[in-house]
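With the hints as a guide, bring both chains together as one complex.
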Amino acid sequence: MLRFALRRLAGGALLLVIVSMVIFVLLRVLPGDPVLMRLGASTSAGTEEAVNQLRQELGLDAPLPIQYLDWMRGVLTGDLGVSYVSQFPVSTLIGQRIPATLQLAAAAIVLALVIAVPVALLGARWPGTIYDRLTSGGVTVAMAIPQFWLGLLLVSVFAVQLDWLPARGYVAFTEQPVEHLRLLLLPAVTLGVTLAAPIARFLRSSLADVSGNLYMRTAEGKGLMWGQAIVRHGLPNALMTTLTFVGLLAGQLLGGVVLVEYVFGWPGLGSLTVDAIAGRDYGILQGVILLLSAGFLVINLLIDLAYGLLNPRIRVGAS
Amino acid sequence: MSERSEPGLVPSPGDPGVPGGPASGGRAKRAGRGWRALAGDARIGALLLIVIVGAAVAAPLISPFPPNQIHQDAIFSGPTWPYLLGTDELGRDLLSRLLYGARLSLIVAGGAVLLAMVLGTVWGLAAGLFGRWVDAVLMRLVDGLLAIPQFLLALLLVAALGSSVPLLIVIIGLLNAPVVARLARSALLDEMSKDYAVAVAGTGARPIRLVWREFLPNVAPPLMVQAALVGAYAILTEAGLSFLGLGVEPPRASLGSLLLQGYQNLYNSQLYAVWPGLVIVAVVWSLNVLGDRLQEVFDPRGRR
Numbered sequence: 001m002l003r004f005a006l007r008r009l010a011g012g013a014l015l016l017v018i019v020s021m022v023i024f025v026l027l028r029v030l031p032g033d034p035v036l037m038r039l040g041a042s043t044s045a046g047t048e049e050a051v052n053q054l055r056q057e058l059g060l061d062a063p064l065p066i067q068y069l070d071w072m073r074g075v076l077t078g079d080l081g082v083s084y085v086s087q088f089p090v091s092t093l094i095g096q097r098i099p100a101t102l103q104l105a106a107a108a109i110v111l112a113l114v115i116a117v118p119v120a121l122l123g124a125r126w127p128g129t130i131y132d133r134l135t136s137g138g139v140t141v142a143m144a145i146p147q148f149w150l151g152l153l154l155v156s157v158f159a160v161q162l163d164w165l166p167a168r169g170y171v172a173f174t175e176q177p178v179e180h181l182r183l184l185l186l187p188a189v190t191l192g193v194t195l196a197a198p199i200a201r202f203l204r205s206s207l208a209d210v211s212g213n214l215y216m217r218t219a220e221g222k223g224l225m226w227g228q229a230i231v232r233h234g235l236p237n238a239l240m241t242t243l244t245f246v247g248l249l250a251g252q253l254l255g256g257v258v259l260v261e262y263v264f265g266w267p268g269l270g271s272l273t274v275d276a277i278a279g280r281d282y283g284i285l286q287g288v289i290l291l292l293s294a295g296f297l298v299i300n301l302l303i304d305l306a307y308g309l310l311n312p313r314i315r316v317g318a319s
Numbered sequence: 001m002s003e004r005s006e007p008g009l010v011p012s013p014g015d016p017g018v019p020g021g022p023a024s025g026g027r028a029k030r031a032g033r034g035w036r037a038l039a040g041d042a043r044i045g046a047l048l049l050i051v052i053v054g055a056a057v058a059a060p061l062i063s064p065f066p067p068n069q070i071h072q073d074a075i076f077s078g079p080t081w082p083y084l085l086g087t088d089e090l091g092r093d094l095l096s097r098l099l100y101g102a103r104l105s106l107i108v109a110g111g112a113v114l115l116a117m118v119l120g121t122v123w124g125l126a127a128g129l130f131g132r133w134v135d136a137v138l139m140r141l142v143d144g145l146l147a148i149p150q151f152l153l154a155l156l157l158v159a160a161l162g163s164s165v166p167l168l169i170v171i172i173g174l175l176n177a178p179v180v181a182r183l184a185r186s187a188l189l190d191e192m193s194k195d196y197a198v199a200v201a202g203t204g205a206r207p208i209r210l211v212w213r214e215f216l217p218n219v220a221p222p223l224m225v226q227a228a229l230v231g232a233y234a235i236l237t238e239a240g241l242s243f244l245g246l247g248v249e250p251p252r253a254s255l256g257s258l259l260l261q262g263y264q265n266l267y268n269s270q271l272y273a274v275w276p277g278l279v280i281v282a283v284v285w286s287l288n289v290l291g292d293r294l295q296e297v298f299d300p301r302g303r304r
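As they're listed, the protein sequences go chains A and B.
Here UniProt numbering is used: position 169 in the first sequence is 169, and no number is missing along the way.
Here UniProt numbering is used: position 216 in the second sequence is 216, and no number is missing along the way.
So here's chain B without its partners, still in its complex pose (with noise of 0.2 angstroms):
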């Protein structure tokens, strides 16, 4: 349908007997393929998620300030040397609580999606493997999850158990694993009814090792992009938590404890607000495009 061209050329990793699949080829070489694959807009989400998170990562070493350290001397500093993105209401230098911040909101989010990934692969995949009962109880339970706002959900299971870092992961990643519950049955019912698996499954192997070995090569591809997309939703779960006060506290810094600060000091100082949400655009852009672009890549004739 899109008048884009079709790279129509790009073997679909999973696809068993295409030449050149992942089994071929040194790791150097398919990494330039991967590259290669992606289009302008998500090189730019992959380079812009690279630097966020190294930076995020590093924050310890290239942070300017402690984060929590307070300059009493310049309170509402614009960004000038050697505040460079400007302080806060006690004269904390911002560039250092954004970066701890992001760092935080990274480590969040990434809880969050591994979570929500292994409890949702296993969901979907008991689903599919046993089927009858199992298969509607668990199915109807993420219908009934998933027709709940979730973050609301999120909102009430927050107040009611509170909100520490290991919670908020927790939480954001159980609400999360119920669409990847049903993406991994889907996935696996479809591979369930191809002709390889009902040959491997003729050779008498254990239901696990099929699943192991053959099955989840074969739905990694659209778990992984159902990744980025949880990755993007967990971001601004927290955001949106910790903004109403209800997930990361001040005055430890997250992206969202930095939004609520900065809206609490709006009339004081207006950029000390821009700059986390920049972040979380830039890091929810970059995921959203990966996550397009890897959906296009695995399987092209699935676009819509």
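For reference, chain A alone in the conformation it holds in the complex (with noise of 0.2 angstroms):
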């Protein structure tokens, strides 16, 4: 096991590496010049000397690759450098960010499980019934639905039409916790929902491979129910093949996360974002994507690791 998990965070560190080198490249390929950005449009004729200073305290007149350590060497102790705009340090404006992400995140993946296992569980008790024919049609509709554009739909009927729900905005638990969830439910159900339709699907085939398992013959033939030998033996086996798949999913529902959360004006890293992008900000951008991207495989190697440590055969086979 020892083994495996090493090359498995060998591979990743490595990873990591090319990443934050690809990242860095594209931000000074880039064409906009952090430092006419910090200036401003104000600094017109005569002020090449100031430009050439501030260009100096940046450090960005050193060769690239030193540059580059630099900034890793920032990176590693928690620096993320600054907000070219606001001067703000980048890791304190995404600290302020993360919670929000974090609890909308949170929040949509436990909705789309509560809606994704019993959709699932369901069409493979009853597979080619017409329920699991109608809920795989609708899985795979639910797929091809933009998450923002559902995120619109909910927002007009539930809060322009009805009336029952407010449209956008965010105030803290702490302050107003019903107004908070209120806040959050809408959101949360657009990103849940379109979260669940993948994750039922895979879940839905991953149990018809459990199904036909010796285990599972041997769990019903020692006379447990179906339902209590899916639960026991079945869903776990594929819960842990469908986590992978999710793990996969994660860098696209990114994606996702920055869409919804400027539609429902929720203060999160994906408005950060928006907002970076919107000021051309590359300082906040190159964190918030070195970040995002971090996190992405970091998820990746911690559900690896943990299937290894579940299924022996996965670590016995890869080394």
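No lab work stands behind these hints: they were computed from the structure.
If you're wondering where the values come from, they're calculated on a predicted model, not measured in any experiment.
Warning: the hint list may mix true and false statements.
Unchecked claim - Here chain A is said to cover these stretches of chain B; the calculated rule only asks that three of the stretch's residues, wherever they fall, bring their Cβ under 8 angstroms from a Cβ of chain A:
id	stretch
1	125–139
2	145–152
3	158–168
4	258–269
Stated by the list, open to error - Partial selection, computed: residues in chain A whose CB lies under 7 angstroms from chain B:
id	residue
5	I18
6	V22
7	V160
8	L249
9	G251
10	I277
11	L285
12	L291
13	S293
14	L297
In this text, a Cβ means the ideal position worked out from N, Cα and C, and glycines have one as well.
So, in structure tokens, the structure goes:
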């Protein structure tokens, strides 16, 4: 297990280095001079000196490899640089936004599982029935729905027409708990429903795989009801493979989160990104993209390790 | 694993030596077999795609009004004659804008798919053929690019480079090339280990000729499946970017920019934002089911 874990960790670390290099090179190659951005449009003539001075202060006159190493040294000590526009440290800005995003994501994942697990279980219980066909058909349609469009529809129905819920905004839970939850409901449902679709689909097919296994037959043979057998033996196995799949989906989901946060004015990393894009604030973008990519890699690495821990066949096969 | 009836008898067109492979039979016969190979939902998907693409291509002919023509007497009109889907905040006909919008979005997606497939295939084949350090460098680059959330990269590139239609095509195409590269490389390595490849290589054929004549036809099926998925993803990316105001910019209509305007006018007209979303769902759904079905037809054994 140790060898397996070390191999995966080394692979993950290498990938992180590659990702950081790609991001670094991209942000240096793309047009948009951070120094000019920072000094603003007011600097016209006669300030070449100021530009050069700032360039030197920011270390932007050094050769690229040195700049990269400087940046990485900062990243490793928790310093993601500063916003080119507001001059605030990027780590602070990200820190302020992370809780809202995590909360939304957690609510969405819980909701997605609450929807997807029963849907998939019932389909696997009675394969080929009308119910199974309708849900799997519904799932393929749900998978084609752009998340932000679903958000729009929900706002249109529940906020504009019925006026049951607020359309957008955010208040802290500590200030107005009820209002906070009312504001959370629509974005969480938007993300939860769209996330439930691929999970249900994958879970349904891994349940079908699992059902053919001998241990399931044994479980039923020793007198367990189908429901007991599937919940005790089938579901844990099927959920494990599904988890790997969800980890791989995480990157795509992040794109959806950005848009959903924008639709609902939810002050998380997504809105931070959109604001940074609008202001061409590469300082923030560099930090956010690095952080989210790292998060994506770490999530998949953890899932991988957990999978290896729970399923010895994987680590034997890999080494 | 699946309880659905196994087609089983559908020959994989790539398999050399399968009787009735692509070489035999007229074109019409082949098309007929292709149609029969499609399951119910994939047929609906194929029809939907044909209708939508057809309408988009024919937009200048069939659209009731020019897409930007303003009708001041009919602002936010509901779906009534002559405005079948209603009008927007300037009294522009929504059906006409939807037709032109779908046209532009499909142009962007189509161009992006083409670029992603060509670039990705060359990338993957180069890695697979040259091997050694070229392979290592090219594939680590793929890994790195795929680890960055794609939509964020798209946002970054569009913000930095701009969002004219050709740029959108290039950016979305570039972002989808790595996944194609990975697929092309593994398909190539798969093929190279087969007996026929060893035999052909033994005849002394040059690698380029080998790739062009022998491998490409055989790695085409998985690539076609990927093309459908890339197409779906490209439609969604364009919509997302334009919705944030970073893609196609109003007054020009695309599916995404129409959604943005619908969002901004949500309190005046609830239907506005519904239509473009429906078209997106229809296109993405069709491409997904077609991709799924193609996968099964091409590789009945590899089904999960």
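Honestly, which of those hints from before does the structure not fit? 1, 8 and 12
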